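Engineer: Sequence:
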Amino acid sequence: MNNSRKLLLVEFWIPIFICFSIIILFENDLLLTGGWIENKVPEYYVAMAMELITIILIPLSLRLFKFGFVKRQLSSSPSRALSTWGTVRLCMLTVPMMVNCGLYYMFMNVAFGYMGIIGVLCLCFVYPSKDRCQMETSEK
Numbered sequence: 002m003n004n005s006r007k008l009l010l011v012e013f014w015i016p017i018f019i020c021f022s023i024i025i026l027f028e029n030d031l032l033l034t035g036g037w038i039e040n041k042v043p044e045y046y047v048a049m050a051m052e053l054i055t056i057i058l059i060p061l062s063l064r065l066f067k068f069g070f071v072k073r074q075l076s077s078s079p080s081r082a083l084s085t086w087g088t089v090r091l092c093m094l095t096v097p098m099m100v101n102c103g104l105y106y107m108f109m110n111v112a113f114g115y116m117g118i119i120g121v122l123c124l125c126f127v128y129p130s131k132d133r134c135q136m137e138t139s140e141k
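All the letters of the sequence shown, read from the start, carry residue numbers 2 to 141 under the working numbering.
Calculated from the structure, these hints are not laboratory results. All values reported here derive from a predicted model rather than from experimental measurement. Mixed in with the good hints there might be a few duds.
Said to hold, decoys possible - With a straight-line cut-off of 25 Å between C-alpha atoms, the simulated DSS-like cross-links for lysine-lysine are: (1) K72 - K7; (2) K131 - K72; (3) K131 - K67; (4) K131 - K7; (5) K41 - K131.
Please build the complete structure, drawing on both the sequences and the hints.
Structural biologist: And the structure:
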């Protein structure tokens with residue numbers, strides 16, 4: 002279980018570091034901001050897609066460990082299932098967060114920035130602390 006927790010902690014912090022790196026690179030003009038700002042039609046479609054993805058994946062990831070098949074796996078093989086489903090849950094939150102962070106600077110559309118901030122805030126609810134990992138695997 003401790004190895005699973007360490008893996009989840011790495012998977013938790015690396016995307017946050019990547020987002021901060023993206024922000025630093027764009028804010029210091031090392032990368033060109035607003036490179037796609039003139040493409041309004043693709044911006045609309047990308048914004049709609051990212052809004053749908055974000056709206057669907059956030060509640061799904063927060064409720065993932067309540068599904069019956071996930072609960073059964075967590076009770077039968079806790080360490081392995083925690084690694085697998087914890088990774089899936091973190092990916093459901095962090096991938097859209099990182100994409101939204103990059104798209105914000107490419108389109109300079111605040112909707113992407115807000116969705117990225119929402120993703121970061123949702124990560125607070127799935128931080129892989131020792132107590133959370135024990136609670137989710139029913140190991141005490």
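Engineer: Starting from the hint list further up, note which numbers the structure goes against and sort them upward.
Structural biologist: Of the numbered hints, just 5 does not hold.
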